[in-house]
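These protein sequence lines are chains L and G, in that order.
Counted from 1, the first sequence has number 127 at position 127 by UniProt numbering; the numbering is strictly sequential.
Counted from 1, the second sequence has number 44 at position 44 by UniProt numbering; the numbering is strictly sequential.
Do not take every clue at face value.
Said to hold, decoys possible - What follows is a set of in silico ranges between Cβ atoms, one per label pair, in the way DEER data are often shown:
id, chain 1, residue 1, chain 2, residue 2, range
1, L, Lys40, G, Ala58, 47 to 53 Å
2, L, Met1, G, Pro26, 45 to 51 Å
3, L, Pro115, G, Ala91, 36 to 42 Å
4, L, Arg142, G, Ile215, 57 to 63 Å
5, G, Ile178, L, Arg142, 36 to 42 Å
Claimed, not checked - Under the rule of at most 25 Å between Cα atoms (straight-line distance), these lysine-lysine pairs were calculated in the BS3-like manner:
id, chain 1, residue 1, chain 2, residue 2
6, G, Lys232, G, Lys7
7, L, Lys279, G, Lys22
8, L, Lys279, G, Lys415
Simulated from the structure, these hints should not be mistaken for lab results.
Note that CB positions come from ideal geometry on N, CA and C, so glycine has one too.
Okay, here's what each chain looks like letter by letter:
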Amino acid sequence: MVRLISLLVGAAFVGVLAIALFGTVATAISDPAPETAEAKYHQHPENIGLASNGFFGRFDRRQLQRGFQVYKEVCSACHSLKYVAFRDLADLGYSEGEVKAIATQWAIEQPSVNPETGEATTRKNIPSDRFPSPFANEVAARAANNNALPPDLSLMAKARHDGTNYIHALLMGYRAQPAALLKEFPGTKTPTGLHYNPWFANLNIAMPPPLTSDGQVPYADGTRATKDQMARDVAAFLTWTAEPKLERRHAAGLASVVFLLIFCFLAWGAYQNVWRDVKH
Amino acid sequence: MSFPWAKHYEPKQPLMRWLDEKLPLPRLVYNAVGAGYPVPRNLNYFWNFGVLAGAALAIQIVTGIVLAMHFAANAGVAFGSVESIMRDVNAGWFLRYAHANGASMFLLVVYIHIGRGLYYGSYKAPREMVWLLGVVIFLLMMATAFMGYVLPWGQMSFWGAQVITGFFSAIPLVGESIRVWLLGGFAPDNATLNRFFSLHYLLPFVIAGVIVLHIWALHIPGSNNPTGVDVKGEQDTVPFHPYYTAKDAVGLGVFLLVFALLIFFSPNLLGHPDNYIEANPLSTPAHIVPEWYFLPFYAILKSFTADFILPAKLWGVLAMFGSILLLFFLPWLDSSPVRSANYRPTYRIFLIVLLLDVLVLGYVGGAEPIARNVVLGQIAAAYYFAHFLIILPLVAASERPRPLPGSITEAVLAKHGGTSPAKTAIA
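Please take these sequences and the hints and turn them into a complete structure.
In structure tokens, the structure reads:
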């Protein structure tokens, strides 16, 4: 009885799938899905090979400081960094005094309340504050950016596929829309206010090119600030903001792997010893 | 329960004797996973995965309880509280990565455990109840994993909850009311997050309870083995401790090694980048996909694209739940008295095809729905149902199995060359 019912149920599912399969094939032949500009022109980032990659990867602190400088002088005009606190900058090699100075001198102040009148006001940042948003709220951010919302950058390196390389590729990826694309897909002209960038998912990004010329950020450490260098450095910095515990993770990982290899070796020996007289 | 030659617990210490009289807990452990449980001597490494699943559950419960001390189940702050675990809680990044990847390791180990059961016929008499309880555990795990994935309240959390609870709206007449009742609103929101957190904390303990029943039911007939032949006598078994505790330690070491590589060197490999974007009800992700362990079932759901008597969506939902529920009937669908696929040449081929089929379904579940992938999914889904509901009963009725070994010991000695009675005697 169970087998008879199962046969009927199985036949029903297989039959319905056969009908669905027929429909899929018929549609694919009669009405094939048109190729899209996104599918054809979207590009995947190439690997920029940071020092933090790999089993032994550690951050290059000078690079992180340069990347922070790019964030401070370029990105922070529009993008918040709400999960990162000024005190976290100590990880980049800044001293306590330097962190305090960076916080106090930060251009955007921290929202606060006047202790006497209770009115909304702002105060200077202190190391325990998180980086303040350049905009009071989403409406203000959209109003200032042609109705686009600049996303928070804290997790950007993990919130996109292959995020670190993506950030570098995107920053370097602005160009004129290829004539071949317009010829092949009429009606896909980049709308005014958007910018063509084949590394962005739908090819047209609202963010104007942020890195426009070599030397845009005069690096404190004297490194030549080419556009590519700035894009690499800020990608490295955002990798740190997304995964600040990376070095601790790698160190703990190496210790764990060594420990577990010894454990496996000893367990294997014990196993051989226990079973030595029993064929199995 | 157990075999007559099983060793008996005889405490020598006066304290242990006293304890055994008042509360025979050491005796219970001794009989369950100690020297008092005789196990076939020929188990291969696939028999490690039950213990590994138990270890994975323990890891999930321990890491989960500590994470719950720092997590805030509120739609406004849940995402931020996970980030504060990652940044500000001592070793919080380790706990969270261990818990997130622990779910993947748990499901991986359980899939291999289920595959072992299918290959060696562990679902067959006299172990049907072990299998049925196992399917219950699997269903509970799926519910727990799904609700856990919603808790960080990222984009995939939110939209996954939207899609999965949407299945219930396919039920005629009452579906939409059920969906709203499950969510506690018209869309996933704070009420959903709160109840999912509550249930996500509860269900692992229910799973632990059903595991006790699963092991209890197993200990009545005893463990199956790669030949599928019943235990005939004392020479066929070894005590669980120290023989299989030693072997399980090796398996546990390898399991932890893989787990450690995942946590420490590629913790986001199995996750989706969109879940690092906070949930936004106004922005739908381009591709909503579940975690890898649900992809085969998601592919089955998506394969039903034609209305036939019932709407396509209802067919898809019925098939997706049916694809798991049919496992409850497996012991009665397969009437072959031979357990191990090693002695069932025809069944073995179909089973290997099924394994590849599930991998294809997994690929299709995560791939873009272009015509080629949809066709692939529809063929693979059809084979999945045909395998269990049509092919399996027919093969069982018509197949001529290879001759079985006379006993486990005979099979073991044949493997080591020579089956002379003298060797059997000294083995």
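Which earlier hints turn out false for this structure, listed by number in ascending order?
-> 7
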